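Just so you know, the sequences run in chain order A and B. Per our numbering, residue 46 is the first one in the first sequence, and the count goes up by one each step. Per our numbering, residue 3 is the first one in the second sequence, and the count goes up by one each step.
Rather than coming from a laboratory, the hints here were simulated on the basis of the structure. Here the structure is a predicted model, which means the values were calculated and not measured. One should not assume that every hint holds.
Said to hold, decoys possible - Below, a list of computed lysine to aspartate or glutamate pairs in the DMTMM-like style, where the Cα atoms sit at most 25 Å apart:
hint, chain 1, residue 1, chain 2, residue 2
1, A, Lys193, B, Asp168
2, B, Lys416, A, Asp98
3, A, Lys271, A, Asp288
4, A, Lys179, B, Glu158
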Amino acid sequence: MIWAALAGFSLFAILAAVAPLFARRIADDGAAPDSRQAAIEFYKSQLSEIERDAGAGLMGADEAEAARAEAGRRLLTAERAAGATAQPARQTPLRAIAVVLALLVPAFSLGVYAVIGRPDLPDLPRAARVEETKAETQVVDAVRNIEKHLAVNPDDGRGWQVLAPVYLKLGRMPEAVNAFRQSLRLNGESAERLADYAEALIFAANGEVGADARDALARAVALDPKASKPRYYLGLAADKAGDAAKAAEIWSKLAADQPPGSPLAQALRERVARLEGKPSAADVANLPPEARDASIREMVHGLADRLGKEGGDAESWMRLVRAWTVLKEQDKARAALAEARKAFGADARTSERLDALARELGLEG
Amino acid sequence: MIVELGHYALVLALALALVQFVAPIVGARRGDEALMATGASAALGQFALVTFAYGALTYAHLVSDFSVVNVVEHSHTLKPLIYKISGVWGNHEGSMLLWDLILALCGAAVVAFSANLPRDLRANVLGVQGLISVAFLAFILFTSNPFARLANPPLEGADLNPILQDPGLAIHPPLLYVGYVGYSVAFSFAAAALIGGRIDAAWARFVRPWTLIAWIFLTLGIAMGSYWAYYTLGWGGFWFWDPVENASLMPWLAGTALLHSASVMEKREALKIWTIFLAILAFSLSLLGTFLVRSGVLTSVHSFASDPTRGVFILAILVVFIGGALALFASRAGALAGGGLFAPVSREGALVLNNLLLTAACATVLVGTLYPLALEAFTGEKISVGAPFFNMTILPIAAPLFLAMPFGQQLAWKRGDLLGAAQRLVVAVGLSLAVALAALALRGGPALSILLAGLAAFVFFGGFAEIAQRIAPRRTQLSVMLARARGLPLSAWGTAFAHAGLGVTLIGIAAIGWGDEKVATLKIGQQFDIGPYRVVVTEVAPRTGPNYTETVARMDVREDGRLVAVIEPSKRAFQARRMSRTEAGIATMGLGQIYVALGDQVEGGAIDARLYWKPLVTLIWIGALIMSFGGLVSLADRRLRIGVARRAPRRKEMAGALPAE
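Please build the complete structure, drawing on both the sequences and the hints.
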């Protein structure tokens, strides 16, 4: 269907481009004037205007005479120019041009459209999305009801508290920030509220940690030194500010406070590993090539040592295998793979992933 | 499917624009009718396709199709219908599409209304229009595509900036764009003349209606924008020398200069090079306006684009068109034969003075607008060049211009008589002195307002003095006068109205000095005497709108104890976007206005307000309307549609039978 329509539109454009080329030659005396003839006509009309204005008393006699002389002189010049240079039109291969245009116009358009268009996506008017909208509508309706309620009772702290996380979920960041702020104002500060507020601020700023957010986080930790969320974001703030050591310290402590085996602790240790004692990616990129290579090598060695001594999760091992391969150290890569298999042999899913990795990197056999 | 077809139509339009660029220019060089005709059919086809694309985008906004990024970012299911329509051009991508739609419309209009145009000139004009279309369509498709889609569409959009949800926005940009883009036709005529190598008086007449149309719309657009700023920004001013406003003023000044110099070229074949240059300049400044507003260099409510790649693209367009046109200009200018000679004191001389002053004003605005930007770019230092700079620099340029306007109208072509002109202006001078004295007697000051009022009256009466002179040079019977008035070319009437309109605007500006202003904290029952009126606060209360809450102050406006109007200024807070907006309360009394804008809430719930009495303030915009009307009258002049048509080659004896009124 859409292809038929695209073809129809293309045909229209082709016709607009080539139709005149097939039209019967316009008879010469029926054609629009060229600019030489037009100039002659223009001066003639100017002369007649002068006559008219002078006749109606709108122009002094002297003025009219001077203007008449000038226009007459220009008319003569124009007539001479037109007589001297009437050149015949050259023959143009119109049929050939028509064929080329008829091919080029759709080829160009379809080519461009293939890159930037989405012919696979149908129109999606809101009215046609009833099923999809039902659940969402309920949420939106609820939000709207609470908003109405708050517009009349802007000091209802509970309302703001309920609304704020919903805004965050709907991706309405500025509203979420405001709602959390109102909730703080009306319900008082608690570590949890401060942390939520800071989180909304960070989301609204696309992951950057501003002064407001840092301040709220610091106050949250002061209220409850054990709270996880504010500490996590404080670590992020330090990391963003370029203070890797401090970030690592905060996250390590936070990880140590988690129950063993918790996913949060895993994720945090990952991050700490990435931070510890390693120059940042930007620093590495700025080094001269040999030094950069050495630096990367050093980092990989560091990772290998740590995994060898302390062990680590599957992700870290796989990263190590990959890194050795990139550095063309196939033997070390195989050794690391073997270590990893030893450590995770019992876990079927991880084994499978390790097999897949080995195949991908060509380490089997 | 409609959305994707719209997208494809836009791509096809680009292909046709390429054809429109190449075929007619080659055709004109080879003298080939068929190739030249291709330009016309490609222009019409392109217009049809861009119209379809614009319709498709409007459709997507109307049905809230959130698979289109543009709709997600700038619409909302609950937005009122009119803002769904105006929201299409209330954002960067859509407004560029509107720009291109108007460009395509201009191309189609050239095809439709230029059967009399010399075929080689017409072909070259269409070719240059085609090149402009290529640039803007490529800009839209590759950097600002309004048809970008989302595979996982959200269920609700982000809404339009509340400041932009206003009827003023619905009208202001399209008017302004017709003005901006209209100058592209004048530009194309200039480039076409340079390509074809024929630049004569006839050219000036052909280009005139197009310049006039653009000028009329730009005048209306600027006036509309000024009134919009007046009543929504809540500062009570009508012109802020904001860079975005300056960006529209510069092409207006250049275009006004172009209109005047083209009239010299048409009459006397003089100022050819200068006129061509002005045609290039007017459109270049329109492009520069686009660049300033669209590239996000400026922080203002107008700058809804803030992506540097777009800025670079527009900069490239700017360099190609301005640079290309000027290079073409430089290569041809030397070969142009000089035109008619004239004495310094003559109609031509006066128009040259007009051009010098207008371009000087234009250059001043340009410097004042760009200097802070350049300074910040090179040194990082931020300075603000504001109203004091412009008032101080523009006034010394504008005052002699206003003073010279009536004299210019009185001078004869070729060689004028300054003394005679002055004698003929005695009545106008007398009337304006009377106005100034009356103002002095009634108001007593300030000096600047008195002077400006006199000047305004001089411009106003001087505008009509020429008409009076021409229909009744000496004592004449009424019937003869009427016959002569009918016989006068409409363009003379147009000039009179346009000049008088400027006088009206100036009176409105002069009256600023006679206004009254009070700043107060409102309490119920409080009374203020503002100018000749008494304003009584009857109520201060909160109110809830569909997506905002507001504090409304209800006030009675009384004159001699009689209630003449009720106004409700308010301060709206848009909770969702945490933005607030002042809704000024305005009551129009005759030509003046009572204007009240609420300020911030102070301790204890009271609210600050500014109250103004602005006598004659509406004349500022009424004057602009009269100016546009003058342009319209001039446009209706039959001479602009002279019959140099198809009959020409055969019947040379036609000359005497041209239009008589």
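- [ ] Please flag the earlier hints that this structure goes against, numbers listed from lowest up.
- [x] Violated hints: none; all satisfied.
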